[in-house]
Amino acid sequence: MTTQVPVAPELFTWPSDEPQLIGTHFPESGVTVFPQAKACPRTASQNGERVLLPRRGKLWSWTIQGFLPKSPPYAGPETPATFKPYGVGYIQLGDQVIVESRLTTANPDELKIGMEMELVIIPFNKDADGNEVVTYAFAPVKK
Amino acid sequence: MSEDVAIIGIGIHPFGRHDSTGMEQGAHAAREALKDAGCEWSDVQYAFGGSSAAGNADTMVSTLGLTGLPFINVANGCATGGSSLISAYNALNAGAADIVMAIGFDKHPKGAFDPDPAAFGLGQWYGDTGLMLTTQFFGMKIQRYMHQYGISPSTLAKVAVKNFDNGSKNPNAWRRKPMTEEEVLNSLMLSNPLTQYMFCSPGEGGVALVLARGEVAKKFTKKPVFLRSAVLRSRPFGSFEVFNSWLSPDRGDSPSVGAAAAAFKMAGMGPDDIDIAQLQDTESGAEIMHMAETGFCKDGEQEDMIQSGETRLDGRLPINTDGGCLANGEPIGASGLRQVYESALQLRGDAGDHQVPKKIRTAFTHVYGAPGISACTVLSN
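Chains as they are written, first to last, in our numbering: chain A, 2 to 144; chain B, -5 to 375.
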């Protein structure tokens, strides 16, 4: 079986049946950031606490990446011939934080601001050792 | 009202794609500005300049003349030109010099920018996974804005149509072919809701300005254009910027709001006093949102203003009279100064085919860029 490794270890809990994004919460200002950060952007306080973010939220805005991004920095496996557009959006997780994410759908008809979304972990690429590199994304919640 | 700083000479190298280096285009603009001012490089006592991708501006002393003047390189992303201008303004106001030059130029490869995540304080994963594109930010910002304030795709397209139309009348513009609303809407969808012809392209060009203290200016020109204010702001908490992996649900203003308000305050004027405006149009949605952020209208009023042609050359408030970034492209180091060049040209009445028909005496400029900076100026006769 292929080993799955996260694109960056600090982003989400993995392996996990119910993975969550990992942020930093600053109790003095109430600000939550993603990914983890040393200082609060509002007060510069360094008293942050590691926090697991809600798995569900609402779509705040979205777009469809319609062309193959330049590489570097992009590290996806696609070529101009195999590239398929992918969705990108911001998802508001309660009143805590709005996070940027890839979306599992690139169909504009399936995306509406305010709709319910859920965190999923998706295959992204293979690393030099043949491991499957995974990243986080949000998927529309099936009604 | 302060008349302490005047623009006495303006020079430009046509924007577009050229065989020459970005540095050569900057030097060309500098020579044109000196010629326009009727002064020599040896008269310039201080210079500020920069590019994002075309080298150190101070290198051009080897072609302009080794006069020993202080020449400070400025590197401030999309506000490089604006920052050079602010530095020139401050040097003149501080009495450090009587005549100062501000120069901006650039030359970028084709296609979208490919920034390095580390340079923006982001983890490599952000670039790896395909989130590090300025185009996505612009798509998502206008997507939400359209949802909140009822801006239509037709209005997005009309901004591009207007700017290409203005560009077709401007001999220094890159894109000189007018385009129809249908052509804009039906072009390739790059980042929903924005199509190919709603986006500007990275490009090339150079602009230089010769500035002087007010009392010195009169010796050089009968038509000085006064720089009433020049302001730069970085982002406040809660703004929505390029390359944000997270946003606060506690929403705040864009840096453009603060920069514009401060520029108006410093000039002792308000948006109603302004006759023409150059607003950052990285894509057509940006021009629409910047109209409200800089104070020229309320959120949502753009729909009627643009549909009724108010921002065209012959409208009540002409915006991006030279075609903006859409028709001129985006050489990062040069764009901010291009806006000031165009404002001065219009205020002098020298804009030829793209001169606005109404009589004008005030102008406003605004740039915006990564990682959340804005520079604004107010100019007048």
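Certain hints may be false.
With a straight-line Cα cutoff of 30 Å, these simulated BS3-like cross-link-like pairs (lysine-lysine) come out [unchecked claim]: (1) K71(A) <-> K104(B); (2) K292(B) <-> K85(A); (3) K59(A) <-> K292(B).
Derived by calculation from the structure, the hints in this document are not laboratory data. Since this is a predicted model, take the numbers as computed values, not measurements.
Against the structure, the hints come out as follows:
Distance restraint check for K71(A) and K104(B): the Cα-Cα separation of roughly 11 Å lies within the 30 Å cut-off, and the hinted pair is therefore satisfied. Taken as a hint, the K292(B) and K85(A) pair is broken in the structure, with Cα atoms around 38 Å apart against an allowance of 30 Å. The suggested pairing of K59(A) with K292(B) holds, with an alpha-carbon distance near 27 Å, which does not exceed 30 Å.
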